[in-house]
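Novice: Using the sequences and the hints given, assemble the complete structure.
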Amino acid sequence: MLEMKPLRAIVLVLVVVVGQYASLASAAGPKVIIVGAGMSGISAGKRMAEVGITDFVILEATDRIGGRIHKTKFAGVNVEMGANWVEGVNGDEMNPIWTMANGTGGLNLRTFRSDFDNLARNTYKQEGGLYEEKLVEKIIKRTDEVEESGSKLAGTLHHSGQQDMSVMAMQRLNDHMPNGPSTPVDMVVDYYQHDFEFAEPPRVTSLQNTQPLPTFDNFGDDVYFVGDQRGFESVVYHVARQYLKTDSKSGNIVDPRLKLNTVVREINYFPSGVTVGTEDNKVYRADYVIVSASLGVLQTGLIRFKPQLPSWKIVSIYQFDMAVYTKIFLKFPKRFWPEGPGTEFFLYASERRGYYPVWQQFEKQYPGSDMLLVTVTDDESRRIEQQPDNQTMAEAVEVLRKMFPGKDVPEATEILVPRWWSNRFFKGSFSNWPIGVNRYEYDLIRAPVGRVYFTGEHTSEKYNGYVHGAYLAGIDSADILIKCAKKKMCKYNVKGKHD
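Mind the numbering: the sequence shown is residues -27 to -1, 1 to 472 in mature numbering (1 follows the signal peptide of the UniProt record, and there is no 0), read in order.
Hints in this document: simulated from the structure, not taken from any laboratory. We treat Cβ as the ideally placed atom computed from N, Cα and C, and that holds for glycine. Everything hinted at is true.
With a straight-line cut-off of 25 Å between C-alpha atoms, the simulated DSS-like cross-links for lysine-lysine are:
hint	residue 1	residue 2
1	Lys255	Lys4
2	Lys98	Lys114
3	Lys380	Lys304
4	Lys286	Lys464
5	Lys435	Lys470
6	Lys380	Lys307
Label-pair ranges, simulated between beta-carbon atoms:
hint	residue 1	residue 2	range
7	His132	Cys463	25 to 31 Å
8	Asn363	Lys461	57 to 63 Å
9	Arg397	Lys222	31 to 37 Å
10	Arg397	Arg308	34 to 40 Å
11	Gly78	Pro151	43 to 49 Å
Specialist: Quick look at the structure:
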């Protein structure tokens, strides 16, 4: 009897394990689990389907696909809460998102080239009225000269990133406002040039990784605003429908492999496979998992990894910034702002940097909508997300009344404030380029840990922060997994930082 005790203990353990996965006993389970149905997760799924890996399941926390590309109805029209522009068009290389949105992809979305050339004549003083155009032109011209000098300097720095510096440090080297921009007009031009693109100020943004910026260097300097009522997310659906089952009448995705409202809370990985536990107490088993959750989510405790991720992986995740970019839409009973050519964008120069700074009117995109958009970022985004919308509306209207003192500026009737930072499934808008990183750090953040693979815009070395970065990252990460699953080439080599 004594000799049977160890065997009995093993049987008890097996019973516990089998009980834990009883729901899986009758099925082999999918070969791959994709966590997240944003652009990178959907892109990764398409790439795997192309090589015959179709035994997968996509677990999406929200009730839709698209992630941070999401339209919503506001003031009678569909507007974009997240990504809104195809950035990098009309260059030597074709931006793959532009191909899908407005090229050979066949979607033919309504897009509008954004013209920022007239900001000098559309910059408003803190207490109202316009700055003299020549003054603002002079500031913009000097800023452009410093940027060009910064690009040349960036090209001379060692590729390891160890000589990298902040954009602000470069500005100081060029004797460009050595103590930082100080006057309201200096600050708003600086904000437009940097924060409006990267969602964080120059003091935390890498020079080497952003000047010149690969998106514009490779794909072209133009940016196009997506104003289509089908939404920018139709690009994600376009990718998804190429491999997920779709209802022929409605066009809705009805593939049982896509599971919406399924919140992943735990990923267990072993030498032989993975199990993924969800908030509704279901467990999925697979050979591999590819995690496309945002960088912001990876920096929180939403998804627990067991065993804990190795320290090199955790450090790489925490080394990057998750920025916050907030597009606030306001509906008015009538128009009181300038319209016509050269008035689409206008700036508000406050002594408080980043206070309701960049405005846009929509006479072309949403005719007759009587709607304005104001963009805030970073600390202002976090502040605004935590206050009631009626307070934000009052602040924005007060700014407009200061800008247009001679106009009858009515109360806004509706407001839309996206809350990407507060949302536990996103925790921000997109990643920003940190100081001192290079290909090595991107290799680390993209690198698999055992059978756990990672993708997302934050894993794209050249295009992080952009929709095309998310799309291309999905393909790249899927290829790393395919190499292992199909060719048994599972070793992922990370070259040294100085190699």
